Every structure is written in structure tokens, then in C-alpha cells.
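Novice: Below are the chains, spelled out letter by letter.
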Amino acid sequence: MMFFSVEDRSRLLRNIAFVFLAAFILSAFTIFLMLERITTFPHYNMSFLFGSGLILGYLTVLVVKDIRKSFLVCLVIVIVTFVLTSLFYSIPSFLGINPDLEPVLFSALGWSMIYSILLLMVLFFGLVIGFILHSTK
Amino acid sequence: MKKENTILLILLFWALLSGGFLYTTLVHYVQAAEASHGMEYELVDLQLKEKGDQGELTVRVKCINPSSIVLRTFQVRYLLYVNGRFIKSDALYLTQTLPPGETIIQFSGEIHRYPMEYVNEAREYGKMIWMIELELVLELPFRGLRLNTGAVEYWVME
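Order-wise, the sequence lines are chains A and B. Each step along the first sequence adds one to the number in our numbering, with nothing skipped, and position 96 is 96. Each step along the second sequence adds one to the number in our numbering, with nothing skipped, and position 24 is 1024.
Rather than coming from a laboratory, the hints here were simulated on the basis of the structure. It cannot be assumed that every hint is accurate.
In silico lysine to any residue, SDA-like type, Cα no more than 25 Å apart, as pairs [unchecked claim]:
(1) Lys1062(B) to Trp1014(B)
(2) Lys1002(B) to Asn15(A)
(3) Lys1002(B) to Leu62(A)
(4) Lys69(A) to Thr1095(B)
(5) Lys65(A) to Asn1005(B)
(6) Lys1003(B) to Glu36(A)
(7) Lys65(A) to Lys1062(B)
Keep in mind that this is a model prediction, so the values were computed, not measured.
Sequences are here, hints too, so could you generate the full structure?
Specialist: Structure representation (C-alpha cells):
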């Protein structure tokens, strides 16, 4: 901790908070999409998920302000999203209920991995848009 | 610095909003999982009435709904055997609500002449062991989501 200045530390904390909030939002939208027939979220889950990915990719540029770090932050967001989605999806198993609705864990891991890969692409796309917009300013 | 904090605040609000929907979605998910996994069936009565060389069978099944949601039966399918011999299969569209806890459902079906001969043979043997392979299609209160649940039950007639 001695090597970090106060400003570095607050920036690090801000980046960590950003990663967790973004991952939570994305995992919530992934769950709405995965549990489409049960969800209480109104409609257009797919559009909201990828729209959120695009906006969060763009916001990463504004928060992190460094191209290499931004890509790294996006990667971390996607990994945390993947873990959170798998955890949320497996909640009935953790509660001791083994749902026949869908085979739980493999399905959770498989689907959240597919969505995470798609999200990564969307986040990178948002990043690129952010950099183009801000480099022209 | 101010811009970053504003972004974080917006994200926090956004996360809280989606967290609310996520919570209710997960509650539904757990309820649906309870309903699909924990449904229990118990054969409480099986009656046979003879009508000439045919028969009419009335079956009463106790359904135990362990979840906190109201389910509804959509279809009842069954295979019926007596002393190991196949008697009948049927699929009935039966709409009955299954509130949390126990509910009795009743359905009946005809037994035609030839299977009725097996029933009479079993009766002559002295003991009729009925076996019913039940399959109930249930409707959950979530956008027409349906579940297949089933059980195998026995009934002995002396």
C-alpha cells in the first residue's frame, strides 16, 4: 500500500466499483434472457443486454481513460459477469432444490459462457466507439 | 473526477433497478424449481364399476404441491396395469388448480371388453394389484410454462 498514492488508491477503488456494478448489471440482464419465461423484466431482454454492453463499453473509456487498461477492465467485467451469472442461475441447486426445468450447472456455465463471449465483443465495440468519439475531441 | 463519480452513481442506480427485477425473477425461479422437483402424488382411491362386459374406473390422486405458487393441471396421462398386464392408456385434458399443499384430483376412464377379461382373470386369482404410471402436465403461472411430472402408484383390491 505504500507504493500507491491516495489518488491511485481512489482510482483503483473506483475502477473496482465500476467493474462490479457493470458485471452485476450485465449478469442481471443475462439472467433475464436465460429465464425468459419466468423473468419479471418486461420485454426486449436481448436488446437490453447488448445495449447495456455497448453503453458500459463506452463508459469504460470515460472511467478508465487508458486504451490498454480499458480492454483489461472489459475482460475483467466479462469474467465477473460469467461468474455471477453462473451463481445466480445455480441458486436452486445451492438451496438444495434440483430443478428439472433445465439441467443446472452445465447449462448455466455453457449459456453464461456464450453470452459472456458475445458481451465481450459488444463491450469492445463500445470501447472502440468511445475511443473514436473522444480522440476526435 | 466529478464525471467519474457521476458515472458510478448512474451505474449504482441502474444496478439497483436491475437488482429489483433480478430478485423477483430469482424468487420465481426458485418457486418454479420447487414445483418441478418437489411435486408428489399419492393414489388414494381406485374404484371399478362393471357395466356389462365393460368397466368404468375412477381414480383419485392426492397431489402435494410443495411450492408457494398455485399450479394448474393441463393434462393427465396414464398407463394402467393389473397384476402386471397392460389394461389401458389414456390422456385427458383436465384443468384443476393445485394450490400450495394437498389437493385431490379425480378422473375416470372406461375399460373395454378385452382388457376387462384380464381384470376378471385377476379377480379370480383373488388379489388385484393395480399399477398406474401417472404423468401430469402442469401449468405454472409464468407465461404458459409447462412442466411434466410423474409417479408410479399401486393399489391392491382383495
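Novice: Work down the list of hints and note, for each, if the structure agrees.
Specialist: Here is what the structure says about each hint:
no. : hint                     : in the structure
1   : Lys1062(B) to Trp1014(B) : violated, 46 Å
2   : Lys1002(B) to Asn15(A)   : holds, 14 Å
3   : Lys1002(B) to Leu62(A)   : holds, 11 Å
4   : Lys69(A) to Thr1095(B)   : violated, 59 Å
5   : Lys65(A) to Asn1005(B)   : holds, 14 Å
6   : Lys1003(B) to Glu36(A)   : violated, 35 Å
7   : Lys65(A) to Lys1062(B)   : violated, 64 Å
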